[in-house]
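Enquirer: Next come the chains, spelled out residue by residue.
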Amino acid sequence: MTTLPLEPVPTQADDARSALRGVNRGDQVFRVALTALALALPLLLVALVGQLFVSAWPAIKRFGFSFLWSSVWDPVAEVFGAAPMLFGTLASSLLALLIAVPLSLGVSIYLTEFAPKWLRQPIAFLVELLAAIPSVVYGLWGIFVLIPFLRGHVIGPLRAVLGWTPFVSGVFYGNSLLAGGIILAIMIVPYIAAVSREVLLAVPGNQREAALGMGATRWEAVWTAVVPYGRAGLIGAVILGLGRALGETMAVTMVIGNRHDIGLSVLQPAYTMAAAIANEFSEATTNLYLSALFEVGLILFFVTVVVNALARLLIWRVARGTAVGSRAL
Amino acid sequence: MTGLVALLSFLAVFALVLILGNLVAKGASSLDLNFFIKNPVPAGQTGGGVANAIVGTAIIVGLAGLIGLPVGIGTGLYLAEYGSGQLGWIVRFVADVLNGTPSIVVGIFAWRWMVKPMGHFTALAGAVALAVLMVPMLARTTEEMVRLVPHSLREAALALGYPRWRTSLRIIARTALAGIVTGCLVGIARIAGETAPLLFTALGNLNFSTNLLQPMQSLSLQVFTYATGPFEEWHRLAWAAAIVLMGLVLLLATAARWAVRQRYGSSR
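Chains as they are written, first to last, in numbering that gives the first Met the number 0: chain U, 0 to 328; chain P, 0 to 267.
Excised from the complex, chain U in its bound form:
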């Protein structure tokens, strides 16, 4: 008994038929190959989160939520609490925003509304270049230029004006929350400026024209019509900058002082989550110590993911359907 081949042998006629149906072997291979490459990213994310979680699990199990509010960090006794780092990360980032937001909004408003045409591209390019400077170079500059400058020319006047507040008190060691905040501010200006510039450019021209038509000056038109229209996107840009500041590692590590302590004074040394990992990871001798650092990394990861997702949603609300901000994101 002979068995018939189950699958018909393809003929030229079949080839032609499949071509007519729009099925092409090359197309299928191409699509499968690209899909396989594209799947790498989701798999990577799963691996990243899984790996961090598994590595952090001993610390999570041991300390539970007290990890978040305890400020004891004692590798010898194997007791770990990350509160000072959480505080320092938040404080340095907020300080950075305090300086960077007016600066970068000023840049973006000037570039979209007031600057002469020939000046716009060069200024935009130069501000963007700030983002190209490697973090470690910022740190170097912070150690040898910024901190001596702060010590010589800024701390004195700052004490004279704000010395009565708890924010400016104590001895200035050089490495401090203030130095970290200023460095971070310079680092995030290009991101906030670039995205908010794109947001302002996406505001329809008739908003502007309507305000001008009602007799507003150019500044009033910007401040009462353009900026409010883009408000969500601008807030998105700022939050994006916050996301950058939270995760920034090297420059901050080099100037913030790396001390496990919660203090209100910006003159005092502090610590951030990223800096703690950078500093202590290679010294972590016990498994629990290592695991605690992984938990810090896990927290840092989730915080930046939430912050970035929020920024994205806000930017999308203004510039729906356009790629605004995707470059910087």
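To be clear, the hints were calculated from the coordinates, so they are not data collected in a lab.
Since we're looking at a predicted model, the values are computed, not measured.
Just so you know, even glycine gets a beta-carbon here, dropped at the ideal spot from N, CA and C.
Just to be clear, a hint being listed does not mean it is correct.
Claimed, not checked - Facing chain P, from chain U, some residues (calculated, C-beta under 8 Å): (1) 50; (2) 129; (3) 135; (4) 138; (5) 185.
Use these hints to put chain P onto chain U, whose structure you have.
Expert: Structure of chain P alone, referenced to chain U:
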């Protein structure tokens, strides 16, 4: 108020000028031929260079590009060509999530994933960490650039009987090539200056090494070690190494701008 925003803009530009100016003022005098062709000398002695770090950066970044570029460009093509469905949405979202991930987190991930199982620090792990940082950004820029290609080009190719895959590669990707190259250069510029992901992977090495399975020095690591070290001599070298690193990054960034201009006349 107009004056105020102008002032703020010039302040931002001033910060850049100040930083670059300080770099040149403090580091340029240490740049001589020896700096580029000699290896570091033991602490306490004067002289020595960063040849090992320059070669190390080239190897690590080159390897990261070798791993990251195909995956990033492929993902970007997928998003532009087939990315309208659910998987496309997921990949796009994941790319944006990973794009905001702090580099130090990627560093400890690479340590756990590659260094720990192998038992020692390797340049390979550093390259993988950098590739992970580069892929999401590259995917998004490639997608954006491919989407800029006019639809009529694709229709013309398909109407002539070109299969879809050849249309994608020969017509669409080819037309968007300048944009894709720009994305690659920006991506490489970004990872060339990274330090945090290399701390626990490539680790750094005071000797000359080209072995991918051993620790390797990079310019960024060298700047970090020298800047935070206790010796005057090291600080001097840190500034000089920073100039080299900065020059490399600026070169890549300028090349990226030039590539855009070649294709699109002026940028935007």
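Enquirer: Against each hint, give a clear statement of whether it holds in the structure.
Expert: Cross-check of the supplied hints:
Evaluation of the residue 50 of chain U hint against chain P yields a held restraint, the C-beta minimum of about 5 Å falling below 8 Å. Restraint check, residue 129 of chain U versus chain P: the minimum CB separation of about 5 Å is within 8 Å; hint holds. Hint status for residue 135 of chain U relative to chain P: holds, with the closest Cβ pair at about 4 Å, below 8 Å. With its C-beta approaching chain P no nearer than about 6 Å, residue 138 of chain U sits inside the 8 Å limit, and its interface hint holds.
For residue 185 of chain U, the interface hint holds, since its Cβ comes within 8 Å of a Cβ in chain P; the closest pair sits about 5 Å apart.
Consistency with the previously given hints is maintained throughout, with no hint failing.
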